[in-house]
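> If you read the protein sequences in the order shown, they are chains U and L. Take the first sequence: its position 160, counted from the start at 1, is 179 in my numbering, and no numbers get skipped. Take the second sequence: its position 215, counted from the start at 1, is 234 in my numbering, and no numbers get skipped.
Heads up, some of the hints might be wrong.
Copies of the same chain look alike in the list, so a pair counts if it fits in one copy or across any two.
As the list claims (entries may be wrong) - Taking lysine to aspartate or glutamate pairs in the DMTMM-like style, the calculated list, with each CA pair at most 25 angstroms apart, reads:
1. Lys359 <-> Asp54
2. Lys359 <-> Asp381
3. Lys317 <-> Glu336
4. Lys317 <-> Glu285
5. Lys187 <-> Glu292
6. Lys186 <-> Glu292
7. Lys335 <-> Glu346
8. Lys288 <-> Glu332
9. Lys270 <-> Glu343
10. Lys270 <-> Glu332
11. Lys124 <-> Asp161
12. Lys187 <-> Glu336
13. Lys317 <-> Glu338
14. Lys215 <-> Glu292
15. Lys335 <-> Glu127
16. Lys317 <-> Glu332
17. Lys128 <-> Glu346
18. Lys235 <-> Asp249
19. Lys328 <-> Glu343
Read the hints as simulated data drawn from the structure, not as lab findings.
There are 2 protein chains.
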Amino acid sequence: MLAAKAFRQFSNMTSNPTQTLAKAMVFSEFGNPRDVLRTASYPLPGCSDNEVSVRYLASPINPSDINQIQGVYPSRPPFTYDVSPSKPSAVPGNEGLLEITGVGKNLEKLYTPGQWAVMASTNLGTWRTRNNLASNQLIALDKTAFPSIVEAATLTVNPCTAYCLLKKIVPMNKGDWFIQDGANSMVGIAAIQLAKHFGYNSINVIRNRPDVDQLKQKLYSMGAAVVITDEELMNRAWMKENVGKWTQGGKVKLGIDCVSGRVATEMAKYMNEGASMATYGGMSRQPLAVPVSLLIFKNLQFHGFWVTKWKSENPKEYEALVLEIQELIRDGVLRSTNTKLFDLPESADGKTFYETFLDAIDQHGKSIIQFRYD
Amino acid sequence: MLAAKAFRQFSNMTSNPTQTLAKAMVFSEFGNPRDVLRTASYPLPGCSDNEVSVRYLASPINPSDINQIQGVYPSRPPFTYDVSPSKPSAVPGNEGLLEITGVGKNLEKLYTPGQWAVMASTNLGTWRTRNNLASNQLIALDKTAFPSIVEAATLTVNPCTAYCLLKKIVPMNKGDWFIQDGANSMVGIAAIQLAKHFGYNSINVIRNRPDVDQLKQKLYSMGAAVVITDEELMNRAWMKENVGKWTQGGKVKLGIDCVSGRVATEMAKYMNEGASMATYGGMSRQPLAVPVSLLIFKNLQFHGFWVTKWKSENPKEYEALVLEIQELIRDGVLRSTNTKLFDLPESADGKTFYETFLDAIDQHGKSIIQFRYD
Numbered sequence: 020m021l022a023a024k025a026f027r028q029f030s031n032m033t034s035n036p037t038q039t040l041a042k043a044m045v046f047s048e049f050g051n052p053r054d055v056l057r058t059a060s061y062p063l064p065g066c067s068d069n070e071v072s073v074r075y076l077a078s079p080i081n082p083s084d085i086n087q088i089q090g091v092y093p094s095r096p097p098f099t100y101d102v103s104p105s106k107p108s109a110v111p112g113n114e115g116l117l118e119i120t121g122v123g124k125n126l127e128k129l130y131t132p133g134q135w136a137v138m139a140s141t142n143l144g145t146w147r148t149r150n151n152l153a154s155n156q157l158i159a160l161d162k163t164a165f166p167s168i169v170e171a172a173t174l175t176v177n178p179c180t181a182y183c184l185l186k187k188i189v190p191m192n193k194g195d196w197f198i199q200d201g202a203n204s205m206v207g208i209a210a211i212q213l214a215k216h217f218g219y220n221s222i223n224v225i226r227n228r229p230d231v232d233q234l235k236q237k238l239y240s241m242g243a244a245v246v247i248t249d250e251e252l253m254n255r256a257w258m259k260e261n262v263g264k265w266t267q268g269g270k271v272k273l274g275i276d277c278v279s280g281r282v283a284t285e286m287a288k289y290m291n292e293g294a295s296m297a298t299y300g301g302m303s304r305q306p307l308a309v310p311v312s313l314l315i316f317k318n319l320q321f322h323g324f325w326v327t328k329w330k331s332e333n334p335k336e337y338e339a340l341v342l343e344i345q346e347l348i349r350d351g352v353l354r355s356t357n358t359k360l361f362d363l364p365e366s367a368d369g370k371t372f373y374e375t376f377l378d379a380i381d382q383h384g385k386s387i388i389q390f391r392y393d
Numbered sequence: 020m021l022a023a024k025a026f027r028q029f030s031n032m033t034s035n036p037t038q039t040l041a042k043a044m045v046f047s048e049f050g051n052p053r054d055v056l057r058t059a060s061y062p063l064p065g066c067s068d069n070e071v072s073v074r075y076l077a078s079p080i081n082p083s084d085i086n087q088i089q090g091v092y093p094s095r096p097p098f099t100y101d102v103s104p105s106k107p108s109a110v111p112g113n114e115g116l117l118e119i120t121g122v123g124k125n126l127e128k129l130y131t132p133g134q135w136a137v138m139a140s141t142n143l144g145t146w147r148t149r150n151n152l153a154s155n156q157l158i159a160l161d162k163t164a165f166p167s168i169v170e171a172a173t174l175t176v177n178p179c180t181a182y183c184l185l186k187k188i189v190p191m192n193k194g195d196w197f198i199q200d201g202a203n204s205m206v207g208i209a210a211i212q213l214a215k216h217f218g219y220n221s222i223n224v225i226r227n228r229p230d231v232d233q234l235k236q237k238l239y240s241m242g243a244a245v246v247i248t249d250e251e252l253m254n255r256a257w258m259k260e261n262v263g264k265w266t267q268g269g270k271v272k273l274g275i276d277c278v279s280g281r282v283a284t285e286m287a288k289y290m291n292e293g294a295s296m297a298t299y300g301g302m303s304r305q306p307l308a309v310p311v312s313l314l315i316f317k318n319l320q321f322h323g324f325w326v327t328k329w330k331s332e333n334p335k336e337y338e339a340l341v342l343e344i345q346e347l348i349r350d351g352v353l354r355s356t357n358t359k360l361f362d363l364p365e366s367a368d369g370k371t372f373y374e375t376f377l378d379a380i381d382q383h384g385k386s387i388i389q390f391r392y393d
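One chain only, chain U, in its complex shape (with noise of 0.2 angstroms):
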């Protein structure tokens, strides 16, 4: 019943011919992704003459896209009726790789059709095949460094934030030492492979798995110095024991924290005098919980980092900040890994075009809609 309301209005669209038929999915109140989410297509002019044209390549589905649907993240888009002429609409997704399909005439020497280009801001709606963007919107690539659309695709929220934590919270010096917990999120592999580069040393916390060895084995190729799982961590004798021998006198200067709770008190105890902690997900719903002692005694800090909000705060360094996450993948420092891709032609019907996102969003672990365009 909600999925046949959901795509209903694919197929009461009546379009004139002249313009572009862009789809959508898009919400108007907040919720259960798979309670308030539609598709729409609605007619897309040509672009203006101080804009371009675009079609999205692979729009990625990560969890404050879907936290934004559910109403429970602080940055939210607006609802407009640009989408949707029956009531105010949003188009969820924040992240994504374009291809410019057409250039406003005030912006020929930006930009050639063809080029590739990223997201310059937040809740501009990604979820969608086509739009026309202004050029503060975008910031463009060269796509001869990506070994992948994929790489491309999702540089903008992991590996930014991987950089930024591990460059803008405190001073770090080749050979210094952080400690990280869910060293295998998208995040945590884009600081192992940015740490390599950097020569820094990273103590690398996962969950305990079946294939933990594996998985270990994987992360220590990618350049991580000690892997551990959260067992090993809370073992405090087997911790004091070999912490010291891992790190040889280099010094724990910075914590890296998406689980919060237990794991992240855990991994404080292990942090040198003065350390800071940065926590950028609270996976396990639990609270950072600090021992006084570690504040008073060891002058601990504890801060937060939200790349959104850095990024609206400092967009010209987020410009230079993609363009070189763009060399360090050129030079082979970052690769993607963990991600599927849900293929989506652009003649899809409605339904299939809900259920395809609808799949990607239950996926565990990075999904990644890749439209493909005839």
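Chain U is fixed; fit chain L onto it per the hints.
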């Protein structure tokens, strides 16, 4: 039995009549003060050319002194044979007001007999009657600044902590707000008084109690902008309704916490985006629990502050701060309250010496041993 052992050393002393006999509390192992403290008296030679002879006028008993005796404090005094020939011992006490009684030849331009001074560093053992100190171990005061010995004896721990918390955690401007728990503690009261002087506004949290209105009135009279109980703090609807009314658009940039646990968590909710909380105590014996959203989306920062460490790392700044606080006392900005004086004549026998200290330790609130000399 223990008490008998504790002051045995006094009666066994054979002193050289040409030397002064000093008396001290001492301990040789960590534990419960009643179990491990004992009294000692020992011959004190005249001071060397590079020392001054001093007698203590007033020695406060701070919670950290007790923790040091218990062995649960990270800073520990050295155990030596200086005051006890029977076994390596330390004299407890880190804060104290002393009077200079004799000046070594090389220090005659710096000090005069009768001058007051406080300790320039910790672990010098202030729970004693007399000592010889080097010039870098004391900071001379101008005794005309002080309405009583209490203000002079207690200036180096609590007012210094309050000053640093207000001035060294985040930049505060006139009209800015802070929220603090334990507002009736010595640090809390000093923070209220200093904030009034600096033009900062404070929301002060105290534990509910039978005479709470009287205590609120007392803190208001000192300059508190708002005083609430911990129970009022826990009432989120009431707080949300009132914080805006109190602050009238002013920003709560700082949290000052000596309780930790739930009280600190609740206080953090009413701090502005980007604000910092500094924890200097953990009276609830609970860890600081920080909701992840406050770290990530509200960009709150959590720090600790340990005045002992700050002093040892900034000795020049500490000396300047002592003299600044002396002037704030002279100007009536800072007044001590909540202290109880315990008289102790130098001529007291070992049992009286021991029992006076133990009574003062068992006292609720700030106790000060006031030594009397004939």
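> Can you tell me if Lys124 and Asp161 fall within 25 angstroms by alpha carbon in one copy, between copies, both or neither?
within (22 angstroms within a copy, 78 angstroms between copies)
> When no copy is named, should Lys335 and Glu346 be tagged within, between, both, or neither for a Cα gap of at most 25 angstroms?
within (17 angstroms within a copy, 48 angstroms between copies)
> Cα distance capped at 25 angstroms. Does Lys335 pair with Glu127 within a copy, between copies, both, or neither?
Within. Shortest intra-copy distance 22 angstroms satisfies the 25 angstroms Cα cut-off; inter-copy 63 angstroms does not.
> Is the C-alpha distance from Lys270 to Glu332 at most 25 angstroms within one copy, between copies, in both cases, or in neither?
between (31 angstroms within a copy, 20 angstroms between copies)
> State whether the alpha carbon distance between Lys187 and Glu292 is at most 25 angstroms within one copy, between copies, both, or neither.
both (19 angstroms within a copy, 19 angstroms between copies)
> How would you label the pair Lys235, Asp249 (within, between, both, or neither) given a Cα cut-off of 25 angstroms?
Answer is within: at 12 angstroms inside a copy they meet the 25 angstroms cutoff, but 47 angstroms across does not.
> Taking 25 angstroms as the upper bound on the Cα-Cα distance, should Lys359 and Asp381 be classified as within, between, both, or neither?
within (12 angstroms within a copy, 66 angstroms between copies)
> Treating 25 angstroms as the Cα threshold, decide for Lys328 and Glu343: within, between, both or neither.
For Lys328 and Glu343, the Cα distance is within 25 angstroms only inside one copy (19 angstroms; across copies 40 angstroms).
> Taking 25 angstroms as the upper bound on the Cα-Cα distance, should Lys288 and Glu332 be classified as within, between, both, or neither?
Close across copies (23 angstroms), not inside one copy (32 angstroms); limit 25 angstroms.
> At most 25 angstroms between C-alpha atoms: does Lys317 with Glu332 qualify within a copy, between copies, both, or neither?
between (32 angstroms within a copy, 14 angstroms between copies)
> Taking 25 angstroms as the upper bound on the Cα-Cα distance, should Lys128 and Glu346 be classified as within, between, both, or neither?
For Lys128 and Glu346, only the intra-copy Cα distance (23 angstroms) is at most 25 angstroms; the inter-copy one is 67 angstroms.
> Treating 25 angstroms as the Cα threshold, decide for Lys270 and Glu343: within, between, both or neither.
neither (27 angstroms within a copy, 37 angstroms between copies)
In this structure, the one hint that does not hold is number 9.
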